[in-house]
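There are 2 protein chains.
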Amino acid sequence: MRLIVGVDLGGTNIVVGTLPEDGSAVYGHQLQPTPVAEGPDAVVGRIVELIGKSLTATKRELGTDDLNLAGVGIGSPGPLNTQTGIVVMTPNLGWRNMPLRDRIADATGLAATLENDANCATLGEWWRGAAQGAQHVVGLTVGTGIGGGVVLDGKILHGASDVAGEIGHMTIDMTGRLCKCGNYGCLEAYASGPNIAARAVEELLAGAVTKLPDYVGGDLDRITAQVVYEAARDGDELALDVVRDTARVLGVGIATLVNILNPEIVVVAGGVTLAGDRLFAPLRAEVKRRAFRPAVDACRIVPGALPGTAGVYGAVASFKQQKWGAV
Amino acid sequence: MRLIVGVDLGGTNIVVGTLPEDGSAVYGHQLQPTPVAEGPDAVVGRIVELIGKSLTATKRELGTDDLNLAGVGIGSPGPLNTQTGIVVMTPNLGWRNMPLRDRIADATGLAATLENDANCATLGEWWRGAAQGAQHVVGLTVGTGIGGGVVLDGKILHGASDVAGEIGHMTIDMTGRLCKCGNYGCLEAYASGPNIAARAVEELLAGAVTKLPDYVGGDLDRITAQVVYEAARDGDELALDVVRDTARVLGVGIATLVNILNPEIVVVAGGVTLAGDRLFAPLRAEVKRRAFRPAVDACRIVPGALPGTAGVYGAVASFKQQKWGAV
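Heads up: the protein sequence lines correspond to chains S and V, in order.
Residue numbers for the first sequence follow the numbering used here, beginning at 431 and rising by one.
Residue numbers for the second sequence follow the numbering used here, beginning at 431 and rising by one.
Here chain S stands alone, though its shape is the one from the complex:
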């Protein structure tokens, strides 16, 4: 069976794995920080290095020196152009017009494809995760930002210029909070990781009773969304409040997606899902309250089933789609 390397390039980490074309396993799993501050050459170098390490580890794991390697699928923050393989712009990496696909192809001698990272995560969940077999899939990844993807009949919805799926930037409150994108009231301006942490700190400073400071040795600057989820799991009231608020806001956005796209399944991924039913119960209730009944009844809202690797699975699936026409 042919093997394909999947690369999930993020603003924080690079994840690489080598998959058989049927997606039945991940060999040679690699994870390292993205050397953002060292510039694009360093990032490309690190990706190439991790591809090499993944292949070496894969050989060891499979007990063979002879890999039948088809190529490498890359998922990257965008906007990007899947046809030319160029990353047009990434606020998180500070790149402009970076020919990432061909840089990786040249350095490795492998055929390569490029796809948006959030699209990859959704496609990965459709291929081998929580959304297998579904025709209409919406995926959200709640992290530093809120990424999204729409997969219809097993194909990523790209739109006219590869921008489709920017779910984090739907307006849920037209006179609301300023978003990093310049718009007011984006979903991301309420429910992204940093905004979740900021809201908890605001409440804390306003006098809410909470054990949050104990989780960070009293250093409020170290309160991240992860810390809030952890405290919520331990039953901290303030943290639970913030998780419930986040759930409601995500529910507002998902209700709109349910009314517009009528998906069978919405996959919510990212650290926020660590809060489990404390997130999903109020989120589903909010969607039910807001969206059309026949659309709500047809839709499951579930956590991602491939934490940490959905993007790698999706990068491989996208390679298959771009090179071979089908996953």
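The hints are simulated quantities; they were obtained by calculation from the structure and are not laboratory data.
Keep in mind it's a predicted model, so treat the numbers as computed, not measured.
Some hints here could point you the wrong way.
Which copy is meant is left open, because identical chains are indistinguishable; a pair holds if it fits in one copy or across any two.
Cut-off 27 Å, straight-line C-alpha distance, at most; resulting in silico cross-link-like pairs (DSS-like, lysine-lysine) [as the list claims (entries may be wrong)]: (1) Lys-483 - Lys-753; (2) Lys-718 - Lys-610; (3) Lys-753 - Lys-489; (4) Lys-753 - Lys-585.
Chain S is already provided as a structure; the job is to place chain V on it using the hints.
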């Protein structure tokens, strides 16, 4: 060439026309009020009668008694089931589980198909109107409600349960106005015809200077959205304000659609487009302010090109798609 009858059933009027399969003309155009108060049997009877009248007129217009008739495509308010041909529910007509497709087929002896009216309008604009040749199309019809449709690669996006495209019910202000659908802050709760009229009357009663009462003989109850558009065209300041506000609110909703679906074209239809550039200029500016640049650059926002008949064109196109697999 085969002929197909198109029926556009609305809460106010029924429009019927007979089209050659290439959509090059509309023969036997009929328009009559929908006898909503007389119940479903009367509505079915009226539709059947108008189909007959359309065919008679078509024979006259074509100068032949021998029509090569393939069937009838019906567009109806929903939610409805395109597979079973049943209208599940229509608030405007007060129907529940009405087998409209088969009722029409039985009464006429013609093959029939059923599709959502707003989907038909968008498909019609794609087939023979403003969105010809576009791969990614979003349509909005601003009337009593705000209907919507998404057409991808010439196919209506139906979603998992035929609800996709409910663009009027996207949340643009999560703590905003109550919508008829039960949700808060829907686009429709701000920009539908009745809401446009209501906002004008509110401003007028609050003391705004306007000539609006002159258009309705002083009877404020007769101020409709149409009257507001007419006054705006004549330069009335209050009416212009309301049109600008409507444009901005529509812009908020369309910006979200542009970020999620990245369409090549957004077709805005309905009476509101009578305001012309007084609507479209601020609407486009709002979308530009809010949505991602590469998505905005790829997208044209235009008025519908088939006023009054987009739904008939779309019902015929939908018949072709359902019966013959392609438009």
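Quiz item: 27 Å Cα cut-off: does Lys-753 pair with Lys-489 within a copy, between copies, both or neither?
Solution: within (24 Å within a copy, 53 Å between copies)
Quiz prompt | Intra- versus inter-subunit Cα pairing at 27 Å for Lys-718 with Lys-610 | solution = The answer is between: 16 Å across copies meets 27 Å, while 29 Å in one copy does not.
Self-check item: 27 Å Cα threshold - placement of Lys-753 relative to Lys-483
Solution: within (24 Å within a copy, 54 Å between copies)
Exercise. Can you give me the call for Lys-753 and Lys-585, within, between, both or neither, at a CA distance of at most 27 Å?
Key: both (13 Å within a copy, 25 Å between copies)
Taken one by one, the earlier hints all hold for this structure without exception.
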